[in-house]
Structures are given as structure tokens and as C-alpha cells.
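Asks: Generate the whole structure from the sequences, applying the supplied hints.
Protein chains: 2
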Amino acid sequence: MAVTAPHPPPPASTVPFHCSSPLFTRVRLAVTSDVPHIHKLIHQMAIYQRLTHLFSATESSLSLNLFSSPPFRSFTVFILEVSPIPFSENSPHNSNPNYTPVVRTLDSELPVDDPERENFKAEDENVVVAGFVLFFPNFPSLLGKPGFFVEAIAVRDCYRRKEDLGRILLLAVVNQAVKMDYCQVEWAVLDWDVNAIKFYEEMGAPILAEWRICIIICDALRVHKNAYES
Amino acid sequence: MAVTAPHPPPPASTVPFHCSSPLFTRVRLAVTSDVPHIHKLIHQMAIYQRLTHLFSATESSLSLNLFSSPPFRSFTVFILEVSPIPFSENSPHNSNPNYTPVVRTLDSELPVDDPERENFKAEDENVVVAGFVLFFPNFPSLLGKPGFFVEAIAVRDCYRRKEDLGRILLLAVVNQAVKMDYCQVEWAVLDWDVNAIKFYEEMGAPILAEWRICIIICDALRVHKNAYES
Chain A
-17 MAVTAPHPPP
-7 PASTVPFHCS
3 SPLFTRVRLA
13 VTSDVPHIHK
23 LIHQMAIYQR
33 LTHLFSATES
43 SLSLNLFSSP
53 PFRSFTVFIL
63 EVSPIPFSEN
73 SPHNSNPNYT
83 PVVRTLDSEL
93 PVDDPERENF
103 KAEDENVVVA
113 GFVLFFPNFP
123 SLLGKPGFFV
133 EAIAVRDCYR
143 RKEDLGRILL
153 LAVVNQAVKM
163 DYCQVEWAVL
173 DWDVNAIKFY
183 EEMGAPILAE
193 WRICIIICDA
203 LRVHKNAYES
Chain B
-17 MAVTAPHPPP
-7 PASTVPFHCS
3 SPLFTRVRLA
13 VTSDVPHIHK
23 LIHQMAIYQR
33 LTHLFSATES
43 SLSLNLFSSP
53 PFRSFTVFIL
63 EVSPIPFSEN
73 SPHNSNPNYT
83 PVVRTLDSEL
93 PVDDPERENF
103 KAEDENVVVA
113 GFVLFFPNFP
123 SLLGKPGFFV
133 EAIAVRDCYR
143 RKEDLGRILL
153 LAVVNQAVKM
163 DYCQVEWAVL
173 DWDVNAIKFY
183 EEMGAPILAE
193 WRICIIICDA
203 LRVHKNAYES
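Protein sequence lines correspond, in order, to chains A and B. Under my numbering, the first sequence has 153 at position 171, and the numbering climbs by one with no breaks. Under my numbering, the second sequence has 116 at position 134, and the numbering climbs by one with no breaks.
Derived by calculation from the structure, the hints in this document are not laboratory data. Certain hints may be false.
Identical copies go unnamed one by one, so any copy, or any two together, can satisfy a pair.
List of simulated lysine to any residue pairs, SDA-like, C-alpha gap at most 20 Å [claimed, not checked]:
#	residue 1	residue 2
1	22	41
2	127	106
3	127	24
4	127	53
Replies: Put into C-alpha cells, the structure is as follows:
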């Protein structure tokens, strides 16, 4: 988002000093070795959403279910990584036949203080996992064409104030939808999460005010199944 | 759902006469020849939901997209049929390796007056398509296991007052979820559709009041893609 400059810039000699350094970002397809990071990110999302009482994902359930189909045709995860130096062009991720990683450079005002750096270190020494998005095809029946449903999207706390990172993740899904001629991208948001709602509205994704979500969890399913069949 | 009988039944000679006949119902996997019926049912759902301005599904878009993957692993449609006589045991649907049709008999107080019978006649002369459900796997990330998302469910007007038909369709999805060890079944409902909400709540599926849905449709996607990349 371009910021307009209503006033002329100050003379060069008066520009204040900033400890500025670029932040290199990469969105790539997740691989099985990302599962420990994905698991931690989902847990952090549960904390943010005040839903830790529902958190029961395990590393093994994620490993079992997230990589059993080709990407984009079923459950798919993109990993967002950041690095203070450019990403290696020889990375094995660059030869993934299903997705070419998207690399962008952001102006960063200050180095990010990342207290969990050790927990989220990627294979490459300088690279840190900063977020993820989990999505899968859905089928808006009125449109009669597939779209994507974004089930989970999260940027770690220390990177969250940089809203460009959330935007980069969501736009990676959007661009994939456009590439596949899919009709839309859809997701759910908590009504008290005003920052997220503002962010989505600024991206051109207003809330559909009339829709509500219903859910039956597995145990209730079994109870009802028995009740019906008896 | 069993109805309790708080009073003893009246003597046989005083039981009032009802023009009662059973209604045979069958839930089976859709096949490509069902597409014209599915298309009409989606259109009727759009009318009911006051969303005809969004209706752009065509028979060819449905044919192209609904049968390209094995059922239950991607977009899946169940067809609900009704008949005044029992379903043939020699039906080719009974030998579908992916799903054995579920047949039930309902007590019906009166024959149903179906003004659209000709438009919804099935291959078998006595059988009429009464509804459908379209669903696909989703991935509740906090639970770390797949579930089903019910994208569309509809029972035709003249059968809608028989709430058992909606229940039969939804329970067919529920039973399939339980069979596959999926964790939950989820769907969206319009907040003004108090009958549907009451029906779902009675089935043990309360509204998740805090969640809202966001959407970006395709044209907006392209605009944003360009805005971002320029």
C-alpha cells in the first residue's frame, strides 16, 4: 500500500537516522520437516483465538493428514520465512515442481527482536519461520466453480505488527487461486478480532454479516448417529 | 426422534382414518447424469437464500468440477430420492464400490403433492429426486484432523415440511464422517433462517456466534493481485 507524501521531503542533511535493514521474505510449500513449526504455529493461533481448550492437533496427526495428497487439490500449507540476507538461489525449494517460492524484500525500520528465534529456525542458518497459511479447495455451489478456503493463517507475534507479512501470505493463496482459475478465496474471522477485520476489509474482503457457522464435533456425531439408528 | 406417548392409545374402533402411505427414501452418491437435477436444486437454494444475483453455476461447470476426484476425498454430492414403492434391489447404485445407498421408510400422513415431479423424475419411473447435499473435506487445524464441510444442502419445497428428509441427508454426511474417523461436520447458515437454525440446534449443532465469514471474489482477486504486484 503506497503512502502518499503530502509534504515535500526535508533537506537531506535533516533526514533522521534510522537503523534500517531490509527483511527478505519467502513463501514456499511446506514439507514434512516443517511439521514441528506448523504444530507450534497452530498452538500460538489457538492462544490468540482464545481456543486452547480445543487444541488437540499433534505432530503425528499433522504429518499423517497434511501431505497425503498433491498440493492445491487438498489440504495445503505455505510456510512464510524471513531472513536478514537474501535466500539462496540453490535452495531445494526452488526446484519444487508444484510451486515456485515467492521471494520479496521488505523495508524494515528496525531489526526484529525475535525471542523465539531458536524454536523457529529453518534449515538454513539465517532463515526463521515467521508464519503459515493452511488452505484447501472449497466449492461455492452458487458459482459452480472451486475456490480456496483459508482454514488458518498466522504470523508470529514479533512479526505481526508488520502487516505486510499477513498480506504476503494471503496474497500467495489469492495468486494461486487466480492461477488455477478458481472463483474466490474465503475464510472465517472472530467478530472481536477488530484488527484482523480491518486488515481484511482493507484488502477488499468485507465480512458477510448474515452468515453463521454451525458445527457438530465427532462425539456428538456418534451420539446422534446412535440415536437416529436405534 | 421417538415421540413419547403420555396417554394410553384410544380403543381401536375410535382411531381416526388417515390416508396414510409410506414414503421410501434413498441417499446415494451422485453420478454425472444427476447434473441437471443438481443444477436446478442449487438454483432453488439460491432463491430460498435470496442470493440469485450470485447464481452463475452452469451444468457444464458442475459436470467438469464435481466428478474429477474420488468421492469423499474432494467435492462430493449425495442425492436424496423418494418413491411410493420400495427401491429396486437390482439398482446399479447398489453396486457402487464407493458408497452403499442408505434406504429408509418414512410414515407419510398424506401423499405428497409434487408440482415439479416431471422436472425431477429419476431414471426409475416411480422415483423422484427430492434433495441433495454437497460436501468436501476440510481441516479444522486446532483438531489436526480432517472433517467435512457441508457447502450446500437442500430439500425441495414440497418435501421440506418433512424435516426428516433434511435430517436424513445431513446424517448421511455425519455417518460418512464417523466411518472415516473424521473429527467433525461443519456448515454455514443464514442468521435470518430461524427454521434452519432451530433444526440444526435440535440436532446438537449450535451456532458458533463469534465467527464471521470473509470472502474475496475472483475479479477482486485480480484487481488486488495487480495492485500488489505493480
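Asks: All the hints need checking, so say for each whether the structure fits it.
Replies: Structure-based check of each hint:
{"no.": "1", "hint": "22 <-> 41", "verdict": "within (9 Å within a copy, 44 Å between copies)"}
{"no.": "2", "hint": "127 <-> 106", "verdict": "neither (39 Å within a copy, 30 Å between copies)"}
{"no.": "3", "hint": "127 <-> 24", "verdict": "between (29 Å within a copy, 13 Å between copies)"}
{"no.": "4", "hint": "127 <-> 53", "verdict": "both (18 Å within a copy, 17 Å between copies)"}
In this structure, only the earlier hint numbered 2 is contradicted, and the remaining ones agree with it.
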